[in-house]
Amino acid sequence: MRRSPRIRAGALLAVVAIAACSGATQSSAGGNAFASPAEQARADGGIPAWTDADVHFMTGMIGHHAQAVQMAGWAKSHGASESLQRLCERIVVGQRDEIGLMQAWLRRRGLTVPDGDPATAHMMPGMDHPMLMPGMLTADQMAELDASRGVEFDRLFLTYMIMHHQGAITMVEQLFASWGAAQDDMIFKFASDVNVDQTTEIDRMNLMLAALPAGGGD
Amino acid sequence: MASTRKLHAGGRRFAARFLTLPAAVGLVSLTACAGSSSSTTGTTTASLTPAIYVDGVRVGDTAPPSPDPRIGLKAGWFDAGEAAWNLRVVSTTKPSKDFINESTPGDRRLINSDLAFTGRYVVQGNYSGYQVWDISNPARPSLATAYVCPGSQSDVSVYKNLAFVSGESTAGRIDCGLQGVPDTVSLDRLRGIRIFDISDIAKPKYIASVQTCRGSHTHTVVEDPNDKANVYIYVSGSAAVRSPSELPGCSGAAPEEDPNSALFRIEVIQVPLAAPAQAKIVSSPRIFSDLTAPPRHAEPDPPRGGRGGAGAAGGGRARTGPTQCHDITVYPAIGLAGGACGGYGLLLDIRDAAHPSRIGAVADSNFSFWHSATFNNDGSKILFSDEWGGGSAPRCRSTDKMEWGADAIFTLRNNTMTFKSYYKMPAAQTATENCVAHNGSLIPIPGRDVMVQAWYQGGISVFDWTDAEHPVEIAFHDRGPLDAENLLSAGSWSVYWYNGYMVSSEISRGLDIFELVPSGFLTQNEIDAAKTVHLDHLNTQGQPKFVWPPSYPLARAFVDQIERSGGLAAARITAVRAELDRTERLGGQQRREGLAQLASQIDNDARGARDAAKVRMLAGAVRDVSNAQR
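The listed protein sequences derive, respectively, from chains A and B. Under the numbering used here, the letters of the first sequence match residues 1 to 218, in that order. Under the numbering used here, the letters of the second sequence match residues 1 to 630, in that order.
Hints are computed from structural coordinates only; laboratory data are not their basis. One or more of the hints may lead you astray.
As the list claims (entries may be wrong) - Beta-carbon label-pair distances, calculated as ranges:
#1 A/K76 <-> B/A570: 38 to 46 Å
#2 B/T416 <-> A/Q166: 43 to 51 Å
#3 A/T170 <-> B/L187: 20 to 28 Å
#4 A/K76 <-> B/D227: 30 to 38 Å
#5 B/L187 <-> A/R107: 46 to 54 Å
#6 B/P426 <-> A/E82: 22 to 30 Å
#7 A/Q166 <-> B/D227: 39 to 47 Å
To be verified - Some chain A residues flagged as far from chain B (calculated, every beta-carbon gap over 10 Å):
#8 A35
#9 P48
#10 Q70
#11 K76
#12 S77
#13 P118
#14 A139
#15 E144
#16 L156
Stated by the list, open to error - Chain B is faced by these chain A residues, among others (derived, beta-carbon under 8 Å):
#17 A41
#18 D52
#19 R86
#20 T138
#21 E152
#22 G167
#23 V196
#24 T200
Glycine residues also receive a C-beta, built at the ideal position from the N, C-alpha and C atoms.
Required output: the full structure, derived from the provided sequences and hints.
Structure, rendered in structure tokens:
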């Protein structure tokens with residue numbers, strides 16, 4: 001178990017947050033620093049403590065989602081089947097909204113907010129080169145998808161988006177494997193939703209892939 | 001609507017808190033919310049057609065108000081604009097002091113969640129515990145207890161002297177502490193079901209926990225008519241599988257790799273009523289096994305060949321199909337359950353409660369996240385909801401499709417589900433209002449299928465789905481967004497009919513209680529008949545079968561329905577009503593005979609009546625009132 005006991009909170013609340021979190025390592029209820037959830041919420045201004053792993057997840061997933069939105073946005077212009085177009089429309093609406101949710105979470109904590117532009121969103125803060133989150137397509141793979149049309153687009157899209165979704169699930173697993181992460185219910189719920197929604201969509205895409213005509217490319 | 005209005009909290013602009021942490025917290029007095037407050041809200045309906053008003057509420061017409069008063073409501077926490085149609089706000093009660101921080105709206109630790117009812121009490125889940133309200137006076141609910149025990153999402157159920165509470169989040173603790181569980185492996189963590197003894201409901205005793213591998217997002221209490229010594233709980237959990245170091249035996253591997261995988265199954269807990277602290281998991285049914293992909297409704301493309309169903313593709317491909325359910329609604333009276341399970345709506349045979357088995361499945365291209373199921377009372381229909389976006393997203397904007405994030409209505413015949421229509425709360429909401437289909441229940445309007453449903457910040461919507469192909473909204477309530485500029489969680493999590501009232505758990509604002517008022521869709525007799533159905537407890541996901549005791553309102557409700565459908569000549573309607581009125585004024589024996597005679601006449605009317613089935617129901621209802629006379 002890797003420990004990274006860095007818990008972040010606003011400067012004014014650092015003492016409170018650390019007190020609350022060191023309490024967490026005690027096993028008795030005596031570790032409670034507050035008499036009620038309302039008192040706790042007032043003390044931290046409605047912003048529960050968070051960790052670097054939380055920030056990494058929320059920041060990285062914006063870029064991850066942005067690429068999915070870009071890929072799905074090609075469905076119509078690239079001659080995707082009607083059923084894939086419908087799936088893609090859902091991905092665009094669903095993941096665009098989630099980008100907004102992640103941005104709001106970061107903004108509220110005064111953290112750097114990626115703009116959701118697929119060209120730059122996967123630049124992690126403090127890095128001067130792009131870092132691909134798990135499952136993301138390389139520039140070459142994006143170009144390959146962008147060059148395909150019709151059934152070939154369907155096949156490539158489904159293949160790559162299944163990989164992309166599996167990467168998102170990996171990111172959720174990494175989040176939950178990080179000390180102190182996802183204690184903020186917003187993150188727990190969002191990460192759990194990503195897990196279940198994308199698992200469901202992978203299932204759906206596997207069926208769509210199996211239904212494509214055989215052959216016609218590798 | 002581009003409103004620039006700001007929500008004020010404690011005299012400070014809320015928006016400013018996004019960037020600056022409060023220098024001084026706790027200045028806001030909470031005395032105002034220590035008790036409950038009740039208010040009656042006027043309506044803001046507007047229409048050019050003449051209307052009748054009762055207590056300020058418009059009644060009598062069936063045309064939806066135009067423009068829709070839900071559009072453009074003022075944002076606010078406890079001062080948001082409100083719109084109501086064909087129902088009345090009986091009371092609005094703020095959360096009790098441990099569960100509200102009036103300095104900051106939308107705190108996800110303080111979300112109010114699902115409801116369960118026992119006697120005169122409603123148990124209201126909260127991400128940080130639960131509250132119990134005495135609603136014997138629905139105009140003024142009073143707090144019986146507030147129990148602090150974090151661990152979202154605190155789905156609640158009751159059975160006799162027991163209460164069950166779901167814990168899913170990784171921050172939930174066995175000892176109910178507020179400090180969370182930062183360690184990735186910890187014996188302090190609770191993910192599963194907490195069991196409370198509520199013999200004294202004002203002083204719940206936490207008697208046991210049953211830990212599960214994925215925690216409990218929701219759960220369903222199942223009463224087995226053949227097993228009175230136990231009650232069963234179906235646990236649905238969709239979150240990550242935890243480490244075997246934390247809970248031995250948990251495995252997130254594919255079932256092909258590990259036959260004991262926690263994926264692709266639900267858990268069944270048996271609670272011995274004589275010794276509830278000994279509750280334990282007794283089976284983990286793999287209700288998804290060999291699930292071949294059912295025909296997908298609304299699929300635009302015909303299969304292009306080579307179509308392989310889930311489980312049918314073989315060749316080493318990863319197993320597909322759902323790995324979990326979100327929620328299961330059991331209907332023991334007909335031995336069936338509806339499971340909303342990761343992309344599928346499943347029909348389960350639950351006649352052996354500990355071993356449910358799948359007997360049907362549907363899928364739909366317009367559905368993503370199957371959320372929950374509701375049967376109609378006679379079990380001839382089933383409604384599935386799609387909580388697309390998990391309840392955090394604004395899925396009722398004018399740009400969002402009416403068949404997305406909606407309900408799908410199916411007929412149910414010989415265990416076969418056939419798609420008929422979608423239903424979605426029709427008023428467009430703003431981008432700062434989380435809105436999608438969520439929890440609701442049937443309303444016992446006799447002879448009709450009427451349901452009330454929560455749509456988060458889309459408010460509550462009452463609709464009639466008697467005609468499965470044409471569901472129609474008949475009443476609603478809505479508030480403006482919690483915040484005009486930021487999407488914060490609020491709105492109705494669940495709204496359920498319980499003994500005459502619709503009780504709603506408002507995520508951020510507390511507990512709302514509503515009452516139907518007569519309209520062109522619904523007469524006072526129909527409402528009065530609904531109020532004759534009495535339940536001693538209610539877990540909505542353990543659907544009770546409504547039984548109407550013999551009563552004049554029941555007979556009159558059927559007369560009203562026959563009049564509405566033109567099912568009988570107007571003169572006969574008038575005559576039947578007169579005879580009902582006359583016999584009601586009579587004593588026992590005369591009433592008995594008068595009604596028996598009337599029932600026979602109505603039997604005759606049924607022959608050749610346009611709505612013969614309903615006329616026969618009326619005859620039966622009249623005969624029942626007659627037989628009830630001594």
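Outcome of the hint check:
1. The hinted range of 38 to 46 Å is not satisfied by A/K76 and B/A570, whose Cβ atoms lie roughly 56 Å apart.
2. Between B/T416 and A/Q166, the C-beta spacing of about 35 Å breaks the proposed range 43 to 51 Å.
3. A beta carbon spacing of about 27 Å between A/T170 and B/L187 agrees with the range 20 to 28 Å that was offered as a hint.
4. Distance hint check: the CB atoms of A/K76 and B/D227 are about 55 Å apart, inconsistent with the given range 30 to 38 Å.
5. For the pair B/L187 and A/R107, the beta carbons lie near 37 Å from each other, so the given range of 46 to 54 Å is not met.
6. B/P426 and A/E82 have their C-beta atoms about 26 Å apart, which keeps the hinted 22 to 30 Å range intact.
7. The hinted window of 39 to 47 Å between A/Q166 and B/D227 holds, with their beta carbons roughly 42 Å apart.
8. At the 10 Å boundary, the C-beta of A/A35 falls inside the reach of chain B, the nearest C-beta of that chain being 8 Å off.
9. Not every C-beta of chain B lies more than 10 Å from that of A/P48, the closest at about 7 Å, which undercuts listing it as non-interface.
10. Every CB of chain B is more than 10 Å from the CB of A/Q70 (nearest about 19 Å), matching its label as outside the interface.
11. Against chain B, the non-interface label of A/K76 holds: every CB pair exceeds 10 Å, the least being about 13 Å.
12. Annotated as non-interface, A/S77 keeps its C-beta farther than 10 Å from every C-beta of chain B; the closest such distance is 18 Å.
13. Distance check for A/P118 against chain B: the nearest CB is about 20 Å away, which clears 10 Å, and the non-interface claim stands.
14. Against the 10 Å criterion, A/A139 stays outside the reach of chain B, whose nearest CB is about 28 Å from its own CB.
15. Every Cβ of chain B is farther than 10 Å from the Cβ of A/E144; the closest lies at roughly 22 Å, confirming the non-interface assignment.
16. The non-interface label for A/L156 is consistent with chain B: the shortest C-beta to C-beta separation is roughly 16 Å, beyond 10 Å.
17. Using the Cβ-Cβ criterion of 8 Å, the hint placing A/A41 at the interface with chain B is satisfied: the shortest such distance is roughly 4 Å.
18. About 13 Å separates the beta-carbon of A/D52 from the nearest beta-carbon of chain B, more than 8 Å, and the hint is not met.
19. Interface restraint check: A/R86 against chain B, minimum CB-CB distance 6 Å, threshold 8 Å, status holds.
20. For A/T138, the shortest C-beta to C-beta distance to chain B is roughly 23 Å, which exceeds 8 Å, and the interface hint is violated.
21. Annotation: A/E152 was flagged as interfacial toward chain B, and the flag is violated, the nearest CB pair being 13 Å apart, outside 8 Å.
22. Given the 8 Å rule on beta carbons, the hint for A/G167 is violated: about 15 Å separates it from the nearest Cβ of chain B.
23. Taking 8 Å as the C-beta cut-off, the interface hint given for A/V196 holds, the closest approach to chain B being about 4 Å.
24. A distance limit of 8 Å between C-beta atoms decides the matter here; for A/T200 the minimum to chain B is near 4 Å, and the interface restraint holds.
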